[in-house]
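Sequences listed follow chains A and B, in order.
For the record, in the first sequence the residue sitting at position 89 is 89 according to UniProt numbering, with numbers rising by one throughout.
For the record, in the second sequence the residue sitting at position 229 is 229 according to UniProt numbering, with numbers rising by one throughout.
For the record, the hints were derived by calculation from the structure and aren't laboratory data.
Fair warning: there could be bad hints in the mix.
Partial list, computed: chain A residues near chain B (C-beta under 10 Å) [as the list claims (entries may be wrong)]:
hint : residue
1    : SER202
2    : ALA220
3    : ASP225
4    : SER231
5    : THR235
Facing chain B, from chain A, some residues (calculated, C-beta under 7 Å) [said to hold, decoys possible]:
hint : residue
6    : PRO203
7    : THR204
8    : ARG207
9    : ASP221
10   : GLU224
11   : VAL228
12   : GLN292
A virtual CB, placed ideally from N, CA and C, is assigned to each residue, including glycine.
The lines below spell out each chain.
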Amino acid sequence: MRTGAAAGHEGYYHEAVPYHSDDELLAVVVPFLLGGVEAGEPTVVSLGERTGGLVRAALPADSGVTFLPGGDLYARPAVAIRSYQRMLAGYVADGATQIRIIGEVPRAALGPTWDWWARYESAINHAYDTFPLWSMCAYDTRITPAPVLDDVLRTHPRVVTADGRRPSEAYTEPKAYLSEDRAPLPDPLQRAAPVVELVDPSPTRARQAVDGVADGRLPADDVEDLVVAVSEAVTNALRHGRPPVRFRLWVGADRIVVEVADGGGGPADPFAGLLPAADGGAGGLGLWITYQSCNHVALHRAPDAFTLRLTAGNPHFTG
Amino acid sequence: MISDLDTAASYGHVCWSYDDPAAFDRRARQFLAEGLAAGERVRYVTAEQPERVTERLRGLAEFSDALRRGAAQVVSLDSTYPGDSVDPTAQVRRYAAATEEALADGYTGLRVVADVTSLVRTPDQLAAFARYEHSIDRYMRVRPLSAMCGYQRTALGERTVAELACLHPESNVDGVLFRLYACPPGDGAAALAGELDTFNHELFATALERADLCPVDGELVMRAGDLRFIDHHCLTRLRDYAGGRDATAVLRTPRTAAARLVELLGLSGVRVEAAR
Numbered sequence: 001m002r003t004g005a006a007a008g009h010e011g012y013y014h015e016a017v018p019y020h021s022d023d024e025l026l027a028v029v030v031p032f033l034l035g036g037v038e039a040g041e042p043t044v045v046s047l048g049e050r051t052g053g054l055v056r057a058a059l060p061a062d063s064g065v066t067f068l069p070g071g072d073l074y075a076r077p078a079v080a081i082r083s084y085q086r087m088l089a090g091y092v093a094d095g096a097t098q099i100r101i102i103g104e105v106p107r108a109a110l111g112p113t114w115d116w117w118a119r120y121e122s123a124i125n126h127a128y129d130t131f132p133l134w135s136m137c138a139y140d141t142r143i144t145p146a147p148v149l150d151d152v153l154r155t156h157p158r159v160v161t162a163d164g165r166r167p168s169e170a171y172t173e174p175k176a177y178l179s180e181d182r183a184p185l186p187d188p189l190q191r192a193a194p195v196v197e198l199v200d201p202s203p204t205r206a207r208q209a210v211d212g213v214a215d216g217r218l219p220a221d222d223v224e225d226l227v228v229a230v231s232e233a234v235t236n237a238l239r240h241g242r243p244p245v246r247f248r249l250w251v252g253a254d255r256i257v258v259e260v261a262d263g264g265g266g267p268a269d270p271f272a273g274l275l276p277a278a279d280g281g282a283g284g285l286g287l288w289i290t291y292q293s294c295n296h297v298a299l300h301r302a303p304d305a306f307t308l309r310l311t312a313g314n315p316h317f318t319g
Numbered sequence: 001m002i003s004d005l006d007t008a009a010s011y012g013h014v015c016w017s018y019d020d021p022a023a024f025d026r027r028a029r030q031f032l033a034e035g036l037a038a039g040e041r042v043r044y045v046t047a048e049q050p051e052r053v054t055e056r057l058r059g060l061a062e063f064s065d066a067l068r069r070g071a072a073q074v075v076s077l078d079s080t081y082p083g084d085s086v087d088p089t090a091q092v093r094r095y096a097a098a099t100e101e102a103l104a105d106g107y108t109g110l111r112v113v114a115d116v117t118s119l120v121r122t123p124d125q126l127a128a129f130a131r132y133e134h135s136i137d138r139y140m141r142v143r144p145l146s147a148m149c150g151y152q153r154t155a156l157g158e159r160t161v162a163e164l165a166c167l168h169p170e171s172n173v174d175g176v177l178f179r180l181y182a183c184p185p186g187d188g189a190a191a192l193a194g195e196l197d198t199f200n201h202e203l204f205a206t207a208l209e210r211a212d213l214c215p216v217d218g219e220l221v222m223r224a225g226d227l228r229f230i231d232h233h234c235l236t237r238l239r240d241y242a243g244g245r246d247a248t249a250v251l252r253t254p255r256t257a258a259a260r261l262v263e264l265l266g267l268s269g270v271r272v273e274a275a276r
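Bound conformation, chain A alone (with noise of 0.2 Å):
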């Protein structure tokens, strides 16, 4: 029996919180999570430090609420939606008929790598469908820039603030949301001239250049998953894309940014790279572990060109 405002709901129940002060979050979350605690529900927070902090000092002690660390599970959409989905399928193991949840992105994430933390909005409304979830994500409307402010609404079924909760009227599916074009910000270092640029390259030769330009800049795991990364992009853009199979990189002091373009339209599975292919299809695997090993992964249809930029390293440039 699920309770609440999710009550007599089947699978997942999303809300936005966009709230404009810190007492107005607290007047939603506080009561949302001794609720859960009270129905005997698994009951988690994967707030940042000073939001997190906040409800946990408005909290009784001994709340029975779970607080998780916020950071690492929110490193990157991929991670996010396979940690969380662990976490949700040992909590319906255990017995659970609703959990609920509220958290957030980083605030670095409301920058230049929104664009894949708006698709992760998007895409958890498929993703963790299958589970009795009840969550809410916090934006604190003092620091989210205005356009993010309208992906939250477009992702996001529901809204609840201090004044109540109503449905988001700019709601959009996942499928059709996610198939929308967005080009992401130009990286600064993209003003430059790459310093490889390779034509039909194949993935070792991508991957040699790939470590041709590490020279200890950044940490040896880092540029390794990168390489990894770089390796399914560009197998997959020559096989599945159309040719030429363009590759260009630049290096920055703290970061390492590749460009994998091809001819073709890109994967047409909406939910790829977040989500490993349900069927096996074409790359969709590749592209997932591609997402999984990048700071940032950027996808960009144009009519006659698909792109992906991944980004090693630092990617919340400035300017």
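Go by the hints and put chain B onto chain A.
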């Protein structure tokens, strides 16, 4: 150029693909001359009339005396590899006997050049010879036998040469990105080097089948210190191969990405261990 020559894999088992027989003959003579200089007995196995090759070598300073002493030998392909298709066990036994004989005669080892193009022309011949290549590779790893195996690319095609080249620790074949070869006894089932990805995972699976590796205590240990890259397709192939032998695949590699891929994909039949 021999690819990825490194001390770990330099025990003298070389695959040499060629287009021009004269160029192969030059390389073969060089390989054998190095053996003579190292005090080895050398043997040129040829599909030509041995007498004709002997005559040619006799005119060369580095071979004339060696031929007279029995340090250099020229033998026919037919007498060395009897039958239509190689018998891996029997052939290893023959070379083992010849190696021990060379040692008994006071040489430091036996070095062989053989153009074996005509022994791998049919799929059955190729499969048998590829199995033999790994069997003799294991022997060479521990005993002082070395060999250059010649394959004429224009007669066999790229794919056949690739299937053979990847079973040698050293080769001159461009485009064969990985090598599966013997590792020292006790170190594991075999060594892997190079790069394994979507474009060679079928070749990798074929190589594994031909190598016919034996797990120990339920583990198939692959030494992968020189493996620069392995993708999810090849990790899955390795898992399936080990699983078919009731074993867990253990990949010992300094590359940490392999461990993350295994965890990501939930490949329970593969364990990645850190190695230098």
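> Which hints from the list above does the structure break, by number from lowest to highest?
Replying inline: none
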